[in-house]
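J.: Here is how the chains run, residue by residue.
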Amino acid sequence: MVVLLQGRPVLLSRKDSGHSYSSVKRCERPSDFVNYLREALEGVISNLKGNSGKSNSKMSGRPDGTMVYLVFDNLERVRDWDKSSTILPFLFNLYDILKMPEVGLIFISNTSPDTYYLNVGYVEPVPLYFPNYTEDDLRHIFMVNQANRKLYAAFLDVVLRPFCRVTRRVDELAAALSSLFEKYCEPLSDKQVVPNEEMKRKLFSQIRPHIASALNATFHVQSQPLLRAETNKETKKTNSSRMSGYLEDSDKIDFHMSTSAKYLLISAFLASRNPATLDASLFDSTGVSDSRKRKRKASEKSMEQKEMAEQELLMKGPGTFPLERLLAIFQCITSLAEDSLDEEESHEPTTEGGSRGLMSDVLLQLSSLCNANFIIKGGSCPLEGSTRYRTAVSEDLALKEVANICNDTSSALASSVLVTQIHTLLYRTWQVRVDYISRSCNGVADILARFGRHATLKGSLLVAPLDRVALLVATDQKHWEEGRMAEGRMRAIPHG
Amino acid sequence: MGREKEKEKPSEKALNLLRSRLADPNFIFKPLSDSPDSNYSKLKFIISTSVTEACNNSILLLGPRGSGKVAVLELVLSDLLQQYPDVISVIRLNGLLHSDDNCALKEIARQLCMEHQLLFSKVASFDDNSQFMIAMLRECGLAHKTIIFVLDEFDFFAQGKQRLLYSLLDAMQSVNSQSVVIGVSCRLDVDQLLEKRVRSRFSHRKLLFLSPSKEDTERFMEHILSLPVDSSIPQNYTAEFNGRLKKIISDERFKELITTYLSFNFTIGHLVRFQAVSYMDLDVGFLSLENFKTALSSNQRQSKLECIRDCSILELYMLVCMKRLEVKEQNSYNFFSVMTEYKSIHDSSQTSDNYAANVCLRAFEHLLQRQLISFIDNKGHNQSVEFRPVKLLISSAELHQGLKSSHQCPPVTMLRAARTHLENPSAFWLLTPQHLYSVMH
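First to last, the protein sequences are chains A and B.
According to the numbering used here, numbering within the first sequence proceeds without interruption in unit steps and concludes at 496.
According to the numbering used here, numbering within the second sequence proceeds without interruption in unit steps and concludes at 1441.
Hints are not guaranteed to be accurate.
[Claimed, not checked] Going by beta-carbon spacing under 8 Å, a handful of chain A positions derived as facing chain B: (1) 29; (2) 30; (3) 34; (4) 90; (5) 93; (6) 95; (7) 106; (8) 109; (9) 113; (10) 115; (11) 121; (12) 126; (13) 129; (14) 167; (15) 215; (16) 392.
[What the hints assert, rightly or not] One-sided and incomplete, this derived list gives chain B residues near chain A with beta-carbon spacing under 10 Å: (17) 1065; (18) 1070; (19) 1096; (20) 1098; (21) 1297; (22) 1301; (23) 1304; (24) 1307.
Just so you know, the hints here were simulated from the structure itself, not pulled from any lab data.
For glycine and all other residues, C-beta sits at the position ideal for the given N, C-alpha and C.
If we strip away everything but chain A, and leave its shape as in the complex, we get (with noise of 0.2 Å):
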């Protein structure tokens, strides 16, 4: 007999005796399930007792052993519903409501009993308390099922105990302890073997220097490059680089995102640590105006005072951000990744016609980030009516991934604007030559840009050079010339 429960709606399934449902029925109300219950159980209880047709609920007869159980599991979690109030009172009471002396009902629960009193009382169901495992029945747990016994214990004998110190729980031991167990038999040729007391006190000083790295993590699953680095580890590598080949890969974020996906976890953490009012110091390439104020050599008092706020953000938790301040941020560090020659960059958000592609990425990703739970979809603010969001990633996560991208370089040239149009324009059918002029021979060009941008005319015909470029001019060429004598050394900029 199978009794589901899922909020409100609850619904009544019945299992033949082929442990198929060969039936559901739905009810919204406590009064149609038990109206169901009943039936149901009247039926199944008639069945075991070799009564045909069904028993007259009024004259049930003296109850003779035979019994019918329903079997709530973790209960704990109704808790957590809605309607916890009245389910509850309406659970503990179903034994009385029901009136069968033939239907038992067993409470499986994390939390004690003491957590479920409410304002409706309920005669209470007799608790049946299971203590946690202690040692010696951890030791017997685990030695069950084992090919060699003697070796397995002597593990046992210097891994359990600290382990216990941690947590006692059989899912958690089992996983650190497993992986722990194949390092200690690791210098053994034969698994067979029954070790002396210089064999386990030789394994004993091998595995522990692992044992105190293993405390420290929780469970994680090895991905498949960490399998394939252990089985070539025979061949080269000695016992140090081993252990922090295990750690590095482990600390490793095997995630598969997108480069795209990683700026805007990184610009969703940045957002969420750091409050709105810095985010034009922060983002200001010119660097002027900043080096300016920041001349003012700071007081003991405010120091400690940043740093008591500084601390106190770190308790409260991030903050939430809403989306236009995300993108602008993202904006930002992408252009900031591709124009890294470039210093006055202004930040204004561009309109070319490949940021708005980019754009429709970006909320792609972002939806995609909240429902790997990345980033968390807050509430909406009230006055301005839009969603808010926080980061739910850790500092240290977000720190290795800023790292990981600035390692790789080749990913973060690939992935700004720029950088996709010259490819599309080489890619065009035509020929095309690439040669590299340095900035200090190119002064000109870059003045005439930056006039052309500040321009209020559409276009201007100079006939002659302007008088900021004439002098210009003649240094530029004397850099050319310096630069073509050292051009032997120069490497040439690899087309396409």
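Fit chain B to the given chain A structure using the hints.
T.: Just chain B now, kept in the frame of chain A:
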């Protein structure tokens, strides 16, 4: 089959008999109902007069949970059904299920249809159902049949607009009907909850079911646990069993035990759940005082203390850190503040229990699962676990008790850390030698 019965020990048979008695409410409440002064007789009198004299009536049965209200009612109803067959029909409603008016009327209509073999339509509307009920009341009144409405958990019907109560009581008064409304409730003041118009139609008859006196309790225990002389159990065993039982019951310690138990579980229903019988040692074959003592101690469980005893050392560290934060008047703290406190304990005294943040977070989540700590507000679902503020659900006395009796000997640093911020200086406790020895290995 006969051979099996002979092999069955008399103690097992006795145990089965006692258990079946304890689970049968009829057996429990019958002896209490024999006197003419009891609630049983009063109730029976009221209902039978309204049946014989063809009048309407209403009554409330009040008393704490487990005091036998519904059991006595069922006894009365079964007796009356035997006495007046075909005259009485019973409709049972429960406040937990049927407090909504639509639901309640539908249930009334359904039960009436079942009683009188009519077809019940599930899609009948509220008006249809109420008209049907009034029509049935009239018909039954004309045919001199009584309908008894039993309203369990009456206080739920008294919530909201009390439409059902009003329509029921109004129908009883206006239509020529014979019906009795019996309300059963645990709230002793439930008649104060009724609206004015409902209360005026309700007769103020109340029957109080209170806890029995001491002598009654002893008589009851003896009656329940003595084996009957005329059962299939051998005579000499029965005689010895009853003799021993008498000795136990007259023992002073037993009286103390029962008084302690009854001081917080004072109804017959709770007394019946006192599970001394299940602790009966089958080899010895008789009940002893030790069985009662074990049952009492198993009833006086301290659930949070058991949870603390089962925590690992790291989880205990988290609890001690939170206690220290509370004593430092820091009322709202989250996982990060607990971690800073933890690190400061380990910085001041170098211990081996310094673990990384992810392991500590896992221990923190275990504590949340066991409900030794909980979130302050349940609405902060858009924050991750590390940032939501938490509160401790155990008191400092429980924490100290748990540390003392923990299965794993907690390290000296933890005990010292827990002790430096004692709120109540008189609750000072000494480090026992076993704790000191545990540090040495």
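J.: Was the hint right that residue 30 of chain A lines chain B, CB cutoff 8 Å?
T.: This hint holds: residue 30 of chain A lies near chain B, its Cβ roughly 5 Å from the closest one there, short of 8 Å.
J.: Measuring from the C-beta of residue 215 of chain A to each C-beta in chain B, is the shortest one below 8 Å?
T.: Since chain B brings a Cβ to about 6 Å from residue 215 of chain A, closer than 8 Å, the hint holds.
J.: Is the shortest C-beta separation between residue 90 of chain A and chain B less than 8 Å?
T.: 5 Å, holds
J.: Going by Cβ atoms only, is residue 1301 of chain B closer than 10 Å to chain A?
T.: 7 Å, holds
J.: Mind checking the CB of residue 1307 of chain B against every CB in chain A and telling me if the closest is under 10 Å?
T.: 6 Å, holds
J.: Using Cβ atoms only, decide whether residue 129 of chain A comes closer than 8 Å to chain B, and label the hint accordingly.
T.: Because about 6 Å separates residue 129 of chain A from the closest Cβ in chain B, which is inside the 8 Å limit, the hint holds.
J.: Have a go at the residue 167 of chain A hint: is there a Cβ in chain B nearer than 8 Å to its own Cβ?
T.: 5 Å, holds
J.: The hint names residue 1070 of chain B as touching chain A; please verify it with the least Cβ-Cβ distance against 10 Å.
T.: 7 Å, holds
J.: Does the interface hint hold: is residue 109 of chain A within less than 8 Å of chain B, judged Cβ to Cβ?
T.: Where the cut-off is 8 Å and the nearest Cβ of chain B is about 10 Å from residue 109 of chain A, the hint is violated.
J.: Identify whether the interface hint at residue 1297 of chain B stands, where standing means a beta carbon of chain A within less than 10 Å of its own.
T.: 13 Å, violated
J.: Given residue 126 of chain A was flagged as interface, is its beta-carbon under 8 Å from a beta-carbon of chain B?
T.: At 7 Å from the nearest chain B Cβ, residue 126 of chain A passes the 8 Å test, so the hint holds.
J.: Closer than 10 Å between Cβ atoms is the bar; does residue 1065 of chain B clear it against chain A? Give me holds or violated.
T.: Holds - the Cβ of residue 1065 of chain B comes within 10 Å of chain A, reaching about 6 Å at its closest.
Hints 6, 7, 8 and 21 from the list above are not met by this structure, while the remaining hints are.
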